[in-house]
Each structure stands twice: as C-alpha cells, then as structure tokens.
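Fit the two chains together into the complex; they arrive one by one in their own frames, and the hints show the way.
Sequences listed follow chains Z and R, in order.
Counting from 1, position 265 in the first sequence corresponds to residue 265 in the working numbering; the numbering is continuous, with no gaps.
Counting from 1, position 299 in the second sequence corresponds to residue 299 in the working numbering; the numbering is continuous, with no gaps.
Because the hints were derived from the structure by calculation, they are not lab data.
In this text, a Cβ means the ideal position worked out from N, Cα and C, and glycines have one as well.
This list has only true hints and no planted wrong ones.
One side of the interface only, derived from the structure: several residues of chain Z facing chain R at Cβ under 8 Å:
no.: 1; residue: VAL46
no.: 2; residue: LEU68
no.: 3; residue: VAL81
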Amino acid sequence: MNLPALAGRLRARPGRARPPASAEGVLTQGNCYVLPTRSGLLFGMVLFVMLAACINDAIAMGYMLTFLLAAVGLVSMVHTVRNLVGLHLRIGRLEPVFAGQTARIPVQISATQGPERFALQVRLEGHAQEAGLDLQRQASGRVELAFEPDRRGRVMLPRVRLWTDFPLGLWRSWSWWRPATEVLVYPFPEADAPPLPVTGRPDGDGDLDGPGEADLAGIGVWRPGDSLRRVAWKAVARSGGDALLSKQFEGSDPGSVVLDWARLDPSLAPEARVSRLTRWVLDADASGQSWSLRLPDRQIDAGQGASHRARCLEALATCRV
Amino acid sequence: MTSPTPAAPPAASARERRDGLMLLAALVLAVTPALALLPASIAASFGLFLAWRLLRAFRPQAPLRAWGQGLLAIVSSGLVYAQFGTLFGRAPGMSLLVLFVGLKMLELHTRRDRMLVAFLCFFLLVTAYPASQAPWVALVSLVAVAALILCLLSGQYGRHQPEVTARARRTLSMLLQAAPIALLLFLIFPRAQGPLWGSALTESAARTGLSASMRPGDVARLVHSDELALRVQFEGRAPAASSLYWRGPVLGHFDGARWTQLPSAPAAAVAPERDTSVDRATLRYTVTLEASEHPWLPVLEWPVRVLEHSLEDVRLREDRQLTAGDPPSMRVRYRVESRIGDGPGPADAPELLPVWRQLPPGFNPRTRELAARWRAEEATDGQRVARVLRHFREENFRYTLDATLTGRDGVDDFLFGQRAGFCEHYAGAFVVLMRAMDIPARVVTGYLGGDLNPVDGTLTVRQADAHAWAEIWLPRLGWQRIDPTAAIAPERIDHGRRALRLHGQDEPDTHGLWGGMRPWFEAAGNAWNGWALSYDRKRQTDLLGQLGLSAGDSREAGLIMGLALGLFGAAAAWTLRRRAPQDPLEQAWQIMCRRLAKAGVARAPHETPSQVLERARARLGTESFAHAATFVSRYLALRYGPDGGTAREAQVRELRRTAKRFRP
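Okay, chain R solo, but in the shape it has when bound (with noise of 0.2 Å):
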C-alpha cells in the first residue's frame, strides 16, 4: 500500500509541533477529573488515542483519511454503546466526547479545529463536577483553565512567538484582570431553586448512608464508609465527642428481625425562629448535611426549635425526629438549637406510649422469659435498666464486628449464644428486653462523635461514625437516651473507634508531619465547602440584604449587572485611552503647542518649530515672542543637537518649566 508523502512544511514544523504537544499536556489534564469517573476502556480508548497522536508529533505519517475518522468514531460509539448499554444519559454523553475529543487531537489542520479541542475541554470539566468539587479537582481545574489559555493565545501569534514564560506572564495577567469580574458574577448571578429538568445526581445519588430500617449488620456494613455525612460548626464550646449522639432515624416497629420507622402522624412544618434569648443550657449549631436520597436531618438531642434552614419544608415530628419534605438532593444548611446534658427528656402522653411497647408475638422465648425475671426482680424501672446493663458489663459480651447472627430468634442468639455483636445487636437486645419488661423503647439510629478540627472548631461526622443506641421513657425522666455499647468493658472491645470513644480512649492521629498537617488541610477543605460550595440561594440572599439589596427584585438586580457592565467599560476605556507623549522633552514641546493654540498660533501637523516661530512672531508681543524663541533653540538644540549626557535630564526639566511659564 503506497502511502502520500507528508507534507509538512519544515519551517513551521517545530513550532508547530511544540504547540500540539502543549495542547496535548492542557488536554490530559483538563480529562483527568473526567476519567475518573468513566469505566477503564473508555480510558484505555482515549489513551490509545492520544498515545497514536503522541506518535504522530515525532514521526509525521500521511494524515488520516476521511473514512478512518468515520470509522473510529463509529468504533468508539459501538463501545460506549457495548459499555453503558445507551448512548444517551449522563455517563454514556461525557464517554462519547472523551473519545472525541481524542479522535479529533489526531486530525488538526486548522486553527479553529484546535479552539474547538479547547472549548470541548472547558465543557469537559464541568461535566466532571457533580462527582466531586474537592479542593483539589478545583486546583486541577484550574491549571488546565491556564493551559487550555495558554494553548489559545499560542496558536494566535504571528510570524514571531515569544518565549513560553512571555505567554504564560500574558495568560496569568488576563487570568488576574478576569478574577474580580467572574467573583462579582459568581455572587449576583441568581441561583435557581430546583434543577431546570430532569432530577439533578439521579445517576450519582447512590449514597450509602442510613436506611429506614435496620437489620443486625446493617451499621457494622457502614464502618468502612470514610464518605463524608455531616459537617457541623458550634456556636460555643464543642461537647465532648462521647455525648455527640446524633439523631437520626427513630426505628419503632420490630417484626422479629428488622427495625423500621413507625409511620408518624403528619407534624407541622417547622418556621425559622429567630429568638435572640439564649439558654444556657442549650446549644447552637449549624450542620451542613452532604446530599441524601433520605429525608432525615441529624441533630442533637433534644432539638428545641430550628433557627435557620435554607430547605422547603422542615418537620420535627412527635419523636423529636427531624426531617425534611424531600430528600436533599444538595449539600443543605440548618442551625438548630439544642437542649443537652442530663435532664429530663421529652414527655410523651401516656396514650402515645403503647406503640414504643409492640413486640411481635413468638420471636425470642428465651428473652421474654429473662426480661419477666429481672422485671419480678427489680422494683423499679431504674434497678430494671441498670440491671440489663450489668448484665451486659459483667457477662463475656463482646463488641466486635464479625457477628453473624442465624436462627429465627436473633435475640436469644445474641444474649444467650454468640454474645458478641456490634451496636445494632446491642441496641436492639436492649430495646427487645426494655420492651419485653414493659418500659417504652425504642432504637435510634445516627451518628456518634466525630472529629473536630483544631483549626477551626468544625466537626466532621462521617458514615463511619454511624451508630445505634436506645431510648426509653421512664416516668418523670420522659425519654432518655441509653447507649448500651457504653456498658461493654473496654477491654472487650475488638472493633469501633465509637465505641473506645465512649470510654475516652480514641485519641486523634496528630502525630508526625502528616498528623500535624492535616487538621490544617481539612480545615481548608471545610473552609472551600463551607464559603464557595455552600453559596445557594439563600446565602446570596443573606449577602445582598446585607449590602442593603434584595436579590428578588429583578430591577434591583438589573441595576447591579448594569453598574457593573458600567464599570468595566469605564475600565476597558481607560485602559484604550490616548495617552500623552512618553518622552518628557515631547511633553514640554506639547506644553508649548497648546499654549501658542490659545494665543491663536495653532501648529499645523507638517510645521517644524521654526515655522511656528515665524508664524506667531505677528501675533506675539515682543517678550512673549523672545520667551517662544528661546524655547524653540533650546528644543531644537535638545531634540537634533549632540547629546547632552548627563545634563541633559535636567535641561529637559528645565524646558519644561520654561513652557509652563509661557504666559501669551
């Protein structure tokens, strides 16, 4: 098979191919975050493609026929259809530009071809964000941004190209003057409630997290989720991370193996309340809760009232739980106020009682026989709690993850069997005896503790904090929290950061450089998520009412873009503007011109000075004349005569003056 000779033209050849290299490198990087998300063929395919255009840099080939384009599009489409099983959606559409994009590096030929390669990169970071918007994919960005500039202002040059620090110096400069106005953009652009369609992260919203129900093995399963579930910030001293319990999902209804939520009669929306009293035994704080496909808010017992929150419709319902309308399809902020420390807990009326008591019939024999012994036993509910509890310190029970519970009674395999389990068999037996004994209970499943950073004082609970204890209610006391884990002997503890933390004994890794560090990095993280990623629409609402502006006012915002729009082009004219002459001793003749105009002696554009002379030697009067003349030799000997060296700064000052004190 003959092949056409290259044509590449030698001359341009080099720079040319320094360019497609550099357009290369900005396009690896500006893919990155993208890649990461797509299965490793597609990766693999886009490799390969750049890998064959790499080549082509070094070892100019005949350039690829129309055919073949077609062709490897039409593979690469036959794979992202092989992989995804659509062409359409959300993954399928970024792996089809991917590799057309890669498709498109091996065949450049004109300067719009690789503007276009660049502004497909630009659309290609975007798409990659719903993922994540760590810190570090925004630094990525970034810096593909400046490549993929840089790549732009180099194809523009001309015959001469400067080196690559003077474009890269050209590129930051216009990167720096188009900060300010994509910051003021960023806050006055008005942000949309909702998604415009479809339901925004369907793909993406697979979160693991707490369920509604919880079955033995359902948290031990979350241990190793490092995945971020809350943020909180305190207004005031952070508790001690053994008494964070975090409320979520209140679990009622027991069916023998599994917990579920009981169906709750509908509460009332919850209104902010913006109450300024503050109780001393109460605590403020705002949570930034990441995206769940669950409705519930975590928050600290008991909540008293919900100050701030940037959701539709809050509820607090009859259990104290909190939820929202729908499940926050992104990151959301509430500031609650919350009643802890020891003390009674809610009152429920006794006629709402008798559901926290259900146990359904025929499930754990062995159970309801020791619960009706200890109940004999015991006087009181109290004695009846702290004997259970005995039981659970002074017996061989163990707190460890790999508990697998068989057999249709799971209680009675637990108490009297296995002996070993995580919190939810703890929490469950507990509930099961408590109930089995007549005390209301229920399982309450959340979050325990959490890390707070030094740096800033945010706590940062993740799903491996997840967690699951019991509340019962005792006459006079209302509901009270019991943690059952707390009652297992340290040293019997195989597993569970929680778990050491409730007897002091979890201490965070601040050792070492890395130890060190990173409070400071997270704290950076908590920052950027809490400042740039947080910035909805309430936020913006709360900025503008500050400066004194409402952001639902449309003429108020139309105002602001056109004051800004104003501004820059009061900037861009400024910049544009015609300046003086540079050179001092053309400003003092420039000085000397304009005063002679206004004596009525105006220099057309070919007289040389000498001209002007004889021309304004009838207008002038005689010492205003001498005055001109002198100026004139002493221009004429500065401008054409030899160089006055070192003197010659100060002449020109001098001649300057000498036109200031031409006075016609």
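Okay, chain Z solo, but in the shape it has when bound (with noise of 0.2 Å):
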C-alpha cells in the first residue's frame, strides 16, 4: 500500500478546490505534509519488538531504551518538517523551447529564516529527474529540472514537488507547489519540408522571380535590422571600416518571402501546417530573407531578424487552428 498515494488521493477528492497556481510557492505547517518512510516503518517493528521482550523480561533499562528511541523517532519526524518549512521557491527565467525539446526550468529555493536545509529534493510532477539541493541559514539555491512539453503554445508548468527525508531518513516530508508560470513552446518544425516558396512579383509574363536573383540597385548604409548577409564587405573594407555598408536591392524587397496558410497543400492537417510553416520561418530566417507571416487568425507583416522571427514562432506556437 502507498500510503502517500492514497494521501494524495485523500487530498484530491472531488469537491475540494485545487489550491491555486502562485508566483511565489511558501512551504508553511499548512502544506507541509509527513508520513513514514519505509524504513521508518520498519524501525517502529523493530521498536514494537523490542517493546514485547521487555514487557516479556520486565527489564526496566530495556524499557528505558525503547522509549529513548521512540522519542528521537517522533522528534525526528519534527526535524524533518522543520528542514522544510520556511522555505520559498520561485521559477527563474524562462526560455522558449520547440516542442519535442527539453526545457530546462530554473527553480530557486530560499530560506529566509530557519536552520540550514540539507539534502532537500526537487522533481516536476510526471517526471523523474530529481535534483538535490542544500541551503545555508538565510541563503539561496537553485536547481535546473527537465521539463518536457507534450504540446506547442503557452504551457503551464506542472507541480514542483519539493521533499527530504533529513535527519535520519524515518519520516519523508514533502510539499507541492503549483507555479504560475508558463513556458512558451514553438511548434515542432517539420523535418523533411519542401523549399521556401518562390517569392511572388508578378511581372508581365507571369514569371517569378526566384530569390536572391534580384538586380542590385546600390549600395546604401547598414540600418540595423537589415540583414547582415546583405552587407558588402568588399566595399567596408574599401572605405576603410568606418560604417557598415549593405547592398540595396531594387524592387520592393525581392527576397521577401510570404508565408501563407491559404496556400499551403490542401491536404495537409492544421497541425502539420503549423508544423511546416515553423520550419518555413526558420528557414527563411537562416537565408537571410525577410518574410511574412499570414495565418487564420493572425498576420505579421514583412521582417527580419530575431525579434521578427521570435514574433512569428509566438504567433505559430498559439494559433488556433
């Protein structure tokens, strides 16, 4: 029998309300819960046994020395709550992860008042890594747990379980903390894509142009933003390094590329859509073209660079479809 399971389970009877997601996780007596463990339990045989030979015997010392260990028993079980009461614990800074990677979540663990913690434990709820953690009085920790997400978009983290058996591993206190915090997870990019679509400009006989094939109209000064596999190296070093100097194409921005859910294959399922037009900005990002992004719900007009493409994946990652 899993005593702690079925004390889970007691807990999470329908008709109670599940506490609150919160910034900040305080362990108080309150949340705090303690059983034994399994050597624990079997100390209490050991003691019950002791217990019955001196009944038995009628050996005072024997009696005296059953009760001392049943009393560091119990006062251990004290020590063990106490180890981590008093504790806070926050979730670091976050970064955006694809879907099918691992997140590695930042949990920090502070005690502002109380004793040293030693050997506390930390895990997520549903996975098994655990990271073990010690504190001085008044001091802070911190540990990375892996953290996978099963689905794109904003991602609520599961529970932190925060426990230790401390001083002398008889009892097993442990605590759940709900964080408020969410990880933004970006679709998976789909692995095998088809390539950009080619670039429309519609000319007089209905011909594309392909991209990068666009005619160079001058050289004009590096704005930030422009890529920087538009800078003409040859003409910096010409002018001595001063200013960066990018090529200017004519046209509108022939190497921008439009990234349309419209016109995408019809037969493909949303998800897969998502899926490779993930694939397609980041695609594009790495070639150096600008794009745009059109999907049901939303549109992104023609960009480049990080905060582009950071906005465009956020976009993709909480798209309903």
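In structure tokens, the structure reads:
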C-alpha cells in the first residue's frame, strides 16, 4: 500500500478545491505533509519487538532504551518537517523551447529564516529527474529540472514537488507547489519540409523571379534590422571600415517570402501546416531573407531579424487552428 | 581466477569509507554487552567478519557473490548449532543475530542496508539486558545509541556533509529533545506483572545462593561469590553489623548427613499492614531482594509484621520465616518491621516443640554420649548451653574453609577428630548436641552482616555473607539465637570476614583512592538499582497515586497519553511556526504595511513602497500621508542607500518608532 499516494488521493477528492497556482511558493506547516518512510516503518516494527521483549522480561533498562528510541523517532519527525517549512520557491527566467525539446526549468529555493537545510530534493510532477540541494541559513539555491512539454503553446508548468528525508531517514516530508508560470513552446518544425515558397512579384509575362536573383540597385548604409548577409564587405573594406554598408536591391524587397496558411497544400492537417510554417520561418531566417506570415487568426507583416522571428514563432505557437 | 575490477567511484569513496568505519565502530560498541554473554567461538567468528570488513575498507575488492553470502550464512548457522545444539532459544537466537549482523556488514549496498544494521544493533542492545543492568552497561548503551544515531544521520546528507562535530551536535540535541518524552513514557507506560509468554529468565535463573538443604560445605562454597543477594535501606540507625542476622530457610530435619526444611503447616497469607505506631524496640527497613529460585525472603529476627510488599503472596510461617508464594523471578522489594535486640523470642506452644528435638537414631554415638554427660552435669538448660560454648572456645577448635569430613558420623568426626570447620559445621554440631540434650533446637541459614555504604546508608549483602547459626528454645525465653561461631577464639579464625566481624575485627577497606571512591560508586549503583531499575507496577501506582491519578484506570491513562501527545504537538507547532522576518528594517516595514492595510491600503506583493505610497495618497488625510511619506523615504534610504555605519542601528530603531506612531 502506497501511503503517500493514498494520502494524495484523499486530498484530491472531488469537491475540494485545488490550491491555486502562485508566483511564489511558500512552504508552511499547512502545506507540508509527513509520513514514515519504509525504513521508518521497519524501525517501528523493531521497536515494537523490543517493547514486547521488555514487557516479557520486565527489564527497566530495556524500557528506557525503547522509549528513548521512540522519542528520538518522534523528534526526528519534527526535524524533518522543519527542514522544509519556511522555504520560498520561485521559477527563474524561462526561455522558449520547441516542442519535443527538453526545457530547462530553473527553480530557485530560498530560505529567509530557519535552520540550515540539508538534502532537499526537487522534482517536477510526472517527470523522474530529481535534483538535490543544500541551503545555508538565509541563503538561496538554484536547481534546473528538465521538462518535456507535450504540446505547443503556452504550457503551464507542472507542479513542483519538494521533499526531504533529512535527519534520520525515518520520515518523509513533502510539499507541492503549482507555479503560475508558463513556458512558451514553439511548434515542432517539420523534418522534411519542401523548400521555401518562391517570392511572388508578378511581372508581365507571369514569371516569378527566384529568390536571391534580384537586381543590385546600389550600396547604402547598413541599418540595424537589415540582414547581415546583405553587408557588402568589399565595399566596407574599401571605405576603411568605419560604417557597415549593405547592398540595396531594387524593387520592394525581392527576398521577401510570403508564408501563407491559405496557400499551403490543402491535404495537410492543421497541425502539420503549423509545423511546416514553423520550418519555413526558420529557413527564411537562416537564409537572411525577410518574410511575412499570414495565419487564420493573425497576420504579421514582412520583416527580418531575431525579434521578428520570435514574434512569428510565438504567433505560430499560440495560433488556434 | 579472474576477479572483476572494483567499481568504487573515487569521488565518494573517502566519505563512504569514513561513514562505513563509523558504523563499524558503533556496531562494535553496541554488540559488546551481548558478546560478553556468548561463547568465545561466536565472538571470534564475529571478530573475523569485522576484520574482513575492515580489510575491505582499505583495499577494495570485488563484492561478495550471492553464493558466497549464502555459504557464510549456512556456516554461521552451523556454528551456532554446534555450539548450542539447537537454533532456538535465547542464546542461540542472539548468536545468530550477532553473526548475521556481522555478515550484513560485509555487504552494504544501499542506504537502507546501513539503516537496517543500525536497527539490528538497537535490538541487540536490548537482548543483553536481562543478564546485567549495571550502570556501566547503561552507559555503554547510551554511547552506542548516540553513535548509531550519528551514523543514521551521516547517511542522510546529500552532496555536502558537515564536519563530524556539527553532526555530533545535532545528534546530541535530538537526544536531549527526546529525553523528556522518553521519561514521560517510561513513567506512564503500564507495567505488566508477569511475563507475556513462557517463563522469564529460565536460562539465566541459575543463581547461586542458599538452598533448602544444608550439608557441611554448602555455605563454604558461597564464600567466594561476590554476587549480590539483597540490599537494605534502614529507617533509623542501622544496627551493628555483628547483630544483623538475616533469617533465611529454617532447617529442622536432620537425617545424619543433611539438614532440610520441615514441611510447615499452611500459614495464612500476610496482608500489608499500614500501622503508623512505632515501637522503640522495633526497626523498620526495606529489603530489595535479587531474583532467585527460592521463595524465602530474608528478614531480621524477629519479624513482627510486613508493611509493604510488591509480591503476589507473602506468608509468615510458624517458624517465623517469611516466604513468598512463588520464587521471585525478578527483583522484589518488601518493607518489614522487626523486633531486634535481646529479649524474649517467639514462644511456641509446647505441642509444637517435639519436632525440634528429633534426631536420627544410630548416628553420632559419641556426640550423644557427651551430650548425655553434660546434661547430667549441668542443672539448667542455660548452663548446658554455656558448657557447649565453653567447650568450643577452650578446646582447640578452628574456623577454616578447608575441612573435609568423612565417615558416617560427621558430627563425631567434627567434635572429636578434626575440630575444624566452617559455620555450618559448628551450627550443625551445636544443634545436634542441643537436641541430644533434649533442648529444642534448629539450624537457621541466612546471611550475616553486610557492607554499609557510608554515603547513602544502604546495606549491601552478598552471597559471600552467607552464614549458618542455631536457635534454641528455652522456657520463659522462647526461641533464642545462638551463634556458635561467635564462641570460637578470634585467633583461631583462619578465614571468614563474618567470623571476624563477630569479634569486631573486620573493617571495611576505605584506604587509598579507590577505597575512598568506592562507596560513592556503590551508592550510585544503589540509587540506579533502587530507582531506575525497580520501577515496577507498584512504584508506578504509587507515583501516579501521588499525582492524584490511578494507574489501573485506563481512561485516565489514556487521558494522560492524550495530554502528552497534545503537548508534543503544541511544541512541534511552535517550532514550525512562521516567524516574523528577523531583519529589524524589514520588521519596521511590515508594521507600516499592517497599519496601512488597516487604513484600506493593502500592499500587493509586487508593489514597491513608492507605489503603495501613491495609492495611499487618495486614502489618507494630509497629515497621515506626510507621515507615511517620511517613513517611505527614510526606509528607502536605509534599505538602498549607502551604509550608514554605526548610526544605522539607531536610525532603524527610530524608523520602527515612526512606524508604530503611524495612526491613520
């Protein structure tokens, strides 16, 4: 019989409100649970047998020893809970990840008051990886836990479990905290996607120019936001290297790719479409072109660079299909 | 034979080795009291296991294969079987446990294995207690418990393990916190009266001591035994050691070689009498008798009444011998009032006397002849007794341990041949002479004297104090004690502190450092025995009765337990409470926040002091707002500004006062 699981189920019975998510988890007496460990139960059994032997032989010293050990067991329970109470938990800065990648969740634990903490263990619900931590008085520490999100979008972090066996290993005290933090999960980019769609700039005969084959109009000053691939290095070298110069192309922006939801292969499922668009955004960014994104619920105008990419990926992550 | 490479991770090995050695040391400490009781072969095997373990700590080898472990287990069982002839029972069980713990030490993989070893050591400590509960055993046990808890603690640390002194401090603090609870449990936990199963101490009840029969040589055999017989606490001044005759079995039947007890008429059980009147000629005392396999309870002559006892069934026989219904299987206490000093003894009805004159016909003819002659020569019984004693004193009688009596007529041999013997020879010969002279007489065995501890006034009587003397019945005087040993001239006493004591020549050894310290140690031992170890059901009832509770009432006992648990829970909750921040600056800010909240401006967790102030502008009056603004600006300066140096403390205190004065 798994006592902690039973206790958990008792606690989660319907009709009882789930504790809300919070930005900072505070461990108090009220939300720390404690139960004996298997070793603790074994200890109890040994004590019971000792007590039976003492009663049988009426040995006063045996009584003393048994009761001393029982009292130490009880006292260690208080120490175990005390090892947890008073801790503050926070989630650190989260970077977005792609679906299928493992996010590294930094958990900051600080002890503003109370004794030194030893052998704290932290784990995410549903995940096996555990991290251990020791804290000095009024210090804080940090652990990183692996989290594998199962879908894209803004995914709420699972509950964090903090537990310890500390002084003697006879009792286990634990607590759950539901962080009010989300991690942004970008969609999984399609593995073998077709190449980027050709830029559409209709001219008279209906031909479309391929990307990259635009007419060079001249050299201009490089502005932040322009792709670094456009920099005309030879011209910079010739000019003495004071300012960056970039090639200008004529026309509106012949490298601009339009990534349109509606123009995708009709046989693709919605999630597959999202996946393909994600791959195209990454490819466009890698090739240095500018691109625009058109989704059923949103449209992002042409641009390029890291922040444009981030905006597009976020839109893809959160789009409703 | 190829051996797989050892896979000990180098980083953790130093710490693991240290912890392993510490567990080993704690194990040795815990097992020592038990090992002292077991045969040498078991101890040697255990030592072998430990030595092997020690070797492996410093030269890591391949772990023991599963079949190796099984083989060693079988070998150990075989050894125990060979030693004891069985695998069941107290001593074989203990031996098996000791050997298996040693075996387990060779194969410790997980943390739980180590914890199991520690738990088994706790159990082993208890198994050693029935044999001895002396103070040194208690001390060793305490140190062993502390060491084992230290080992349990050391195994629970993660990456960072503090110094051993820090760990030891934590262990000690846990033990100290546990002590009051343990004491409470010890006092409250109900005591059973008898064993739950089987009979307790069947194996270790082979105690030496006085038996129900006496042959020449029986008492002499006890002379070298330092084993404790009883302890006495007197109420009032203790009499001189030479007059402390502790009456044990009264032996009235002589078959020519042996004295045995007469079957006694069933006597009524004695109920404890709580009589507060004190007779000046009587003495009250409390005897703590060690467990024995005989039912008699030694008392000073002549017992008048039994005031308290912790036994089931106590009887006072016709011959004024105090006995219990069953032999005391554990230490017992009884409080008796006795009449001491010279004076008339118990007067028996004349029809009871013939049994005390019985002599087997055909034995010891020369003794009878001598007795008949003296009976004719002396007129009164008193003079006849004096004649016999004079004979012992003036003739060349020696008091010595090495006396062998051969032949059918032992008394003849003693009186006319050897003329040397121990107290039982003298007592036996004396009683035979008395009976031959038609004076009712009997042999009494028991103890004489004892060691009086000057520190706490406890009299300690050991088996070595065993003695045999005689009692005779004289008209008008009743039964009187006569100790023929006292008649022997002191210069002829070869051995026997008791005999010397009778002549006032025995002095306790209080010279030197050890001699001076010894009474204190013994007094401590007496206190330990008297209070800690004798806390039985009766004492518990007394203690709880003094507190106004009755132990038998389970409801009240449950109430006490509930109260104790409640207290414990309250103490636990108090240590786990959420405390105010300890930084005084932070405390001042908290006070301010509380006051503001009362005024309706509750601070959200993400708000800075300035933001709170802005919000408060609308709610507070101008004066209050100015007050709050001053506070906030000073608070921010103190918190985020440059360090104010020595004046900072005063400034923080001032700030706190400002907060307290704020009344919106």
